[in-house]
Amino acid sequence: RKEVEQDPGPFNVPEGATVAFNCTYSNSASQSFFWYRQDCRKEPKLLMSVYSSGNEDGRFTAQLNRASQYISLLIRDSKLSDSATYLCAVHSGGGADGLTFGKGTHLIIQP
Amino acid sequence: EAGVAQSPRYKIIEKRQSVAFWCNPISGHATLYWYQQILGQGPKLLIQFQNNGVVDDSQLPKDRFSAERLKGVDSTLKIQPAKLEDSAVYLCASSPNGEFAATYEQYFGPGTRLTVT
Chain A
1 RKEVEQDPGP FNVPEGATVA FNCTYSNSAS QSFFWYRQDC RKEPKLLMSV YSSGNEDGRF
61 TAQLNRASQY ISLLIRDSKL SDSATYLCAV HSGGGADGLT FGKGTHLIIQ P
Chain B
1001 EAGVAQSPRY KIIEKRQSVA FWCNPISGHA TLYWYQQILG QGPKLLIQFQ NNGVVDDSQL
1061 PKDRFSAERL KGVDSTLKIQ PAKLEDSAVY LCASSPNGEF AATYEQYFGP GTRLTVT
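As you go down the protein sequences, you meet chains A and B in turn.
Just so you know, the numbering used here puts 27 at position 27 of the first sequence, and the rest follows in order with no gaps.
Plus 1000 on top of the position in the second sequence (first one is 1) and you've got the numbering used here.
For the record, the hints were derived by calculation from the structure and aren't laboratory data.
Every value quoted in this text rests on a predicted model; they were computed, and no experiment measured them.
Note that the Cβ used here is the ideal one computed from N, Cα and C, for glycine as well.
A couple of the hints might just be wrong.
[Claimed, not checked] Distance ranges between label pairs, derived from CB positions:
1) Ser53(A) to Ala1005(B): 41 to 49 Å
2) Tyr1010(B) to Lys45(A): 40 to 48 Å
3) Gly16(A) to Asp1063(B): 48 to 56 Å
4) Asn22(A) to Leu1084(B): 46 to 54 Å
5) Lys1071(B) to Gly16(A): 20 to 28 Å
6) Pro14(A) to Ser1058(B): 43 to 51 Å
7) Leu1039(B) to Leu80(A): 18 to 26 Å
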């Protein structure tokens, strides 16, 4: 089983719809979780940190399910500008702080 | 606040040549990371520095890759000799995580796109 897994998509979603992605992780000791957005030929940009209680930022909601070892990202009222690749990243704790990334989920918002 | 700076942005070399990339992290960030991102994949950690010390280089192919952060600020990553499979984007990231901060949020630079022919 890969450390961090995501459905690569693409997810083709009409503008205004709600879309959700999941990301599973294999290391139960993982401590911190993040969603990054990456546009074509650009660097990943931090979208949200994912807290145990879940968190919301405008149209974006992130949830953590430790029991089932997955995190989710929900986008409401999707915009054309939301089209991008969404990368899930996991920090496993210990002295090394590098993130383990999934391959990303490609989202296409259609007009 | 200025972001992570990297140079060059693009580099094309032939296999067996050497290449070096430079990174300047966000001011005050103690921790610096180099990642390799192959097309269609997520970034993969190569090495992590905290200040000028190496914290994790377990995934760095040390027979051909080397990195340093001598003064605890900017860093260079070198590949010598390059192979075709090194074609990728090399991303530098920094984090305030260190002795006085405990956050693992990382901020990425624009990357260097390396093509090995």
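Exercise. Against the structure shown, which of the earlier numbered hints fail to hold, in ascending order?
Worked result: 1, 2, 4, 5
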